[in-house]
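Enquirer: With the hints as extra help, turn the sequences into a complete structure.
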Amino acid sequence: MKTIIAFGFASVSMFVASAEGLAFTPSETNKVARRLIIRAKNLRDCHDIPDEGELYKPEEDPGTWYGFLGLDETNGWTVAAKKAAFDWYLSTLGTNNCQSLSSLDKSLVLTAVGLCESLAYTNAVPSLKELTVNPLGIYRETALEIVLNFSPVDDFTTQFVEEIVTNGVKFSMIERGCACGIYAQNIITRQATNDMQRAAKERAWKMLYRHRRPDLIGTGILDSLFISQVQGYDLSSNRLEFADYVLSHPDADSSDIRRFTSVTNQLLSSGQPLPWINMGGGGN
27 MKTIIAFGFA SVSMFVASAE GLAFTPSETN KVARRLIIRA KNLRDCHDIP DEGELYKPEE
87 DPGTWYGFLG LDETNGWTVA AKKAAFDWYL STLGTNNCQS LSSLDKSLVL TAVGLCESLA
147 YTNAVPSLKE LTVNPLGIYR ETALEIVLNF SPVDDFTTQF VEEIVTNGVK FSMIERGCAC
207 GIYAQNIITR QATNDMQRAA KERAWKMLYR HRRPDLIGTG ILDSLFISQV QGYDLSSNRL
267 EFADYVLSHP DADSSDIRRF TSVTNQLLSS GQPLPWINMG GGGN
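In this text, residue positions in the sequence shown follow our numbering: the first is 27, and each later residue adds one.
Keep in mind the hints are simulated off the structure, nothing from the lab. By construction, the Cβ of each residue, glycine as well, lies at the ideal position given by its N, Cα and C atoms. Among the clues, some could well be false.
Said to hold, decoys possible - With beta-carbon atoms standing in for the labels, derived distance ranges:
id : residue 1 : residue 2 : range
1  : LEU130    : GLU267    : 42 to 52 Å
2  : LEU130    : ASP98     : 20 to 30 Å
3  : GLY102    : ILE214    : 43 to 53 Å
Expert: Here's what the structure looks like:
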């Protein structure tokens, strides 16, 4: 029988996987991590919610750490060691050629990424970021969505999003649209409670304003974002210019055309001069 090795270990000689300091080889760590994720996958594939009349079994709920990792200890592996094995598995996704994995191991990557979301595992953000920018990664859009949902609106996240939305070679239009759309929505919906947060939000929307025209990504949500953040934008020449750009773009789809035709008609029929708003270095 052919043995499939899920990940290469050339760069790792030893992995310490428990708080007690017990050392496990990368091969052992990988085996434990895969078994945990396979079990979680099987449980998730069966059912997420118990059928009517069926008792809830917490040990079979992969949306909890107890259901995912099990009891302490299993074959010499404590809960801390098993969690560390999962962390190690996640850390490999940013450097490995995930596209060459078997169909099973590809499905395990998706399960592992999904577990980060269901477990609200914010500590996984650095590893998910690495997967997102891995040119040989898979399920990058899913990882990106989780990263942005877990991340604040701050300068670090703004820089991360900017690197994605401006790189049409490394990232697909779908991935860039995902980054643009989710971050714009976060800027709109998340409240700033102090001057530092307000300043970070301003730098965030200005970044998106600067890059509003590389191609058609997030056009509708960007229109809503600028209206929400800039007083007077709804009746401005800036908005009319953006609407004209979208409508003249060869890739404009039916939703773009509907929205920005309405915007153009609204602005041109307003019966008042449309001022140009200086965005303060925001790509006027």
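Enquirer: Between LEU130 and ASP98, is the Cβ distance one that fits in 20 to 30 Å?
Expert: This hint holds: roughly 28 Å between Cβ atoms.
Enquirer: Does 43 to 53 Å hold as the CB distance between GLY102 and ILE214, or does it fail?
Expert: holds (50 Å)
Enquirer: Between LEU130 and GLU267, does the C-beta distance stay in 42 to 52 Å?
Expert: Holds, since LEU130 and GLU267 (Cβ atoms, about 51 Å apart) stay within the stated range.
Consistency note: the structure conflicts with none of the earlier hints.
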